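Asker: Residues per chain, in single letters:
Protein chains: 2
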Amino acid sequence: MKVIEPKSGASLILKKGEILKVTDIEGVQVSDMLLYNLNNHNEKISSGKTFDYEETILLTKGNFLWSNHSNKMVEIIEDTNGRNDFLLAPCDRKTMKHFYNISEYHPSCYENLHKGLEKFGISKETIPSAFNIFMNVTFNQNGKISVDPPTSKAGDYICFKAQMDLIVALTACSALDSNGGSCKSIGYEVVS
Amino acid sequence: MKVIEPKSGASLILKKGEILKVTDIEGVQVSDMLLYNLNNHNEKISSGKTFDYEETILLTKGNFLWSNHSNKMVEIIEDTNGRNDFLLAPCDRKTMKHFYNISEYHPSCYENLHKGLEKFGISKETIPSAFNIFMNVTFNQNGKISVDPPTSKAGDYICFKAQMDLIVALTACSALDSNGGSCKSIGYEVVS
Numbered sequence: 001m002k003v004i005e006p007k008s009g010a011s012l013i014l015k016k017g018e019i020l021k022v023t024d025i026e027g028v029q030v031s032d033m034l035l036y037n038l039n040n041h042n043e044k045i046s047s048g049k050t051f052d053y054e055e056t057i058l059l060t061k062g063n064f065l066w067s068n069h070s071n072k073m074v075e076i077i078e079d080t081n082g083r084n085d086f087l088l089a090p091c092d093r094k095t096m097k098h099f100y101n102i103s104e105y106h107p108s109c110y111e112n113l114h115k116g117l118e119k120f121g122i123s124k125e126t127i128p129s130a131f132n133i134f135m136n137v138t139f140n141q142n143g144k145i146s147v148d149p150p151t152s153k154a155g156d157y158i159c160f161k162a163q164m165d166l167i168v169a170l171t172a173c174s175a176l177d178s179n180g181g182s183c184k185s186i187g188y189e190v191v192s
Numbered sequence: 001m002k003v004i005e006p007k008s009g010a011s012l013i014l015k016k017g018e019i020l021k022v023t024d025i026e027g028v029q030v031s032d033m034l035l036y037n038l039n040n041h042n043e044k045i046s047s048g049k050t051f052d053y054e055e056t057i058l059l060t061k062g063n064f065l066w067s068n069h070s071n072k073m074v075e076i077i078e079d080t081n082g083r084n085d086f087l088l089a090p091c092d093r094k095t096m097k098h099f100y101n102i103s104e105y106h107p108s109c110y111e112n113l114h115k116g117l118e119k120f121g122i123s124k125e126t127i128p129s130a131f132n133i134f135m136n137v138t139f140n141q142n143g144k145i146s147v148d149p150p151t152s153k154a155g156d157y158i159c160f161k162a163q164m165d166l167i168v169a170l171t172a173c174s175a176l177d178s179n180g181g182s183c184k185s186i187g188y189e190v191v192s
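Residue numbers (full-length UniProt numbering), protein chains in the order written: chain F, 1 to 192; chain W, 1 to 192.
Just so you know, these hints were derived from the structure itself, not from any lab.
For clarity, every value in this text was computed on a predicted model and none was experimentally measured.
Treat the hints with caution; some may be incorrect.
Put simply, identical chains are the same to the list, so a pair is met inside one copy or across any two.
Said to hold, decoys possible - Distance condition first, Cα-Cα at most 27 Å in a straight line; then the derived DSSO-like pairs of lysine-lysine: (1) Lys97 with Lys21; (2) Lys72 with Lys144; (3) Lys21 with Lys144; (4) Lys72 with Lys124; (5) Lys94 with Lys115; (6) Lys97 with Lys115; (7) Lys124 with Lys153; (8) Lys16 with Lys94; (9) Lys72 with Lys94; (10) Lys94 with Lys61; (11) Lys161 with Lys94; (12) Lys144 with Lys119; (13) Lys2 with Lys97; (14) Lys72 with Lys97; (15) Lys124 with Lys16; (16) Lys119 with Lys2; (17) Lys61 with Lys119; (18) Lys97 with Lys124; (19) Lys161 with Lys97; (20) Lys21 with Lys94; (21) Lys21 with Lys61; (22) Lys97 with Lys61; (23) Lys115 with Lys2; (24) Lys16 with Lys97; (25) Lys15 with Lys94; (26) Lys124 with Lys61; (27) Lys161 with Lys144; (28) Lys72 with Lys115; (29) Lys119 with Lys153.
With the rest of the complex left out, here is chain F (with noise of 0.2 Å):
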């Protein structure tokens, strides 16, 4: 198993058929989440495709991931903790201004997400809503949401099969108050 340090990210390229695992190594801990297709840098991940077609805010075994091109991405086939997010986009410099009042450099999912796509040649602008993987948005009827710390515990995972040839971007995740309040590292491996 690789490590993502935490607030830091990592990319790879998983084939189609193959299976990422992404564990959560200490508990507690949120990653963020990018897909591409490898071979069309322009069909990426979307959480509009994906809760128009799986009818569902909340995304766990069974459930497909969707590109804007209205494509399977991948398939979550396992998902031990079951509570993942597709609502919020990456934190960024700004997101650490408004919610933390952190105005010098701090590391950020947006930040981390590039540094994995670039080297692919991926451009920062094309950054959609990612998957966050383990994190604990809750909401009401009312549409109320609040971000709550993750439920997953030390050795919990989630496993995705790939539908198409992909770019995968991750990284654990930088914010405090998305983790309860500490910054951990996130494990992954691409098990088959």
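Given the coordinates of chain F, work out where chain W should sit on it, guided by the hints.
Answerer: Coordinates of chain W only, in the frame set by chain F:
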């Protein structure tokens, strides 16, 4: 008031401080809306950033719609119906096939948004989830989504005040189920 004919679209420039009024002329009709920064087309409306900063899925009077660059694009200053959606992506030919089994050509919000944007040199590949005015997407605590008929009545309207110079693309939505079974027209005007 200008009229967007059923299953078609329009686009316009809205300068900072101007107010765009969008009217459901007959009632029970959705209008998809996209926003781009007039002076930097890489900056555009973002559901993820909007949910993040507004801390709600349901957006109405008093809420702002935010960009992928974490800036406010418009404020909703009036909303006589009060129900809009920002979860679902614009309908396209594949959604027409998936939900309605329509294989031949059929108009879609995706196509109509693209037609409105291309005159400004904006590629269809950049199209994100739109703000779906008057769209009635309900969800329960388990995340299950349902597309219900709009609650908007003839003459209901919503007003957006621009927080920066914008390109706006609007549609009269082409998907039957989103519009209570029939596709109707939409009105719009810049009122200041």
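Asker: Now tell me if each hint is right for this structure.
Answerer: Hints and how they fare:
1. Lys97 with Lys21: Classified as neither: same-chain Cα gap 32 Å, cross-chain 32 Å, threshold 27 Å.
2. Lys72 with Lys144: Between copies only: 19 Å across, 29 Å inside.
3. Lys21 with Lys144: Answer is between: at 26 Å across copies they meet the 27 Å cutoff, but 31 Å inside does not.
4. Lys72 with Lys124: both (23 Å within a copy, 19 Å between copies)
5. Lys94 with Lys115: within (18 Å within a copy, 32 Å between copies)
6. Lys97 with Lys115: Within one copy only: 21 Å inside a chain, 37 Å across chains, cut-off 27 Å.
7. Lys124 with Lys153: neither (32 Å within a copy, 41 Å between copies)
8. Lys16 with Lys94: Between copies, since 21 Å is at most 27 Å while 36 Å is not.
9. Lys72 with Lys94: between (32 Å within a copy, 12 Å between copies)
10. Lys94 with Lys61: For Lys94 and Lys61, the Cα distance is within 27 Å only across copies (24 Å; inside one copy 33 Å).
11. Lys161 with Lys94: So Lys161 and Lys94 pass the 27 Å test across copies only (22 Å; inside, 33 Å).
12. Lys144 with Lys119: Neither way: Lys144 and Lys119 sit 38 Å apart in one copy and 37 Å across, limit 27 Å.
13. Lys2 with Lys97: neither (31 Å within a copy, 41 Å between copies)
14. Lys72 with Lys97: between (35 Å within a copy, 15 Å between copies)
15. Lys124 with Lys16: both (25 Å within a copy, 26 Å between copies)
16. Lys119 with Lys2: Within one copy only: 19 Å inside, 47 Å across.
17. Lys61 with Lys119: neither (31 Å within a copy, 42 Å between copies)
18. Lys97 with Lys124: within (20 Å within a copy, 32 Å between copies)
19. Lys161 with Lys97: between (36 Å within a copy, 25 Å between copies)
20. Lys21 with Lys94: Intra 31 Å, inter 30 Å, cutoff 27 Å: neither.
21. Lys21 with Lys61: Cα proximity of Lys21 and Lys61: one copy only (13 Å, versus 42 Å across).
22. Lys97 with Lys61: Answer is between: at 25 Å across copies they meet the 27 Å cutoff, but 35 Å inside does not.
23. Lys115 with Lys2: Within one copy, since 17 Å is at most 27 Å while 45 Å is not.
24. Lys16 with Lys97: between (39 Å within a copy, 24 Å between copies)
25. Lys15 with Lys94: between (34 Å within a copy, 24 Å between copies)
26. Lys124 with Lys61: neither (29 Å within a copy, 32 Å between copies)
27. Lys161 with Lys144: between (32 Å within a copy, 23 Å between copies)
28. Lys72 with Lys115: both (25 Å within a copy, 26 Å between copies)
29. Lys119 with Lys153: neither (32 Å within a copy, 51 Å between copies)
Hints 1, 7, 12, 13, 17, 20, 26, 29 from the earlier list are contradicted by this structure; the remaining hints agree with it.
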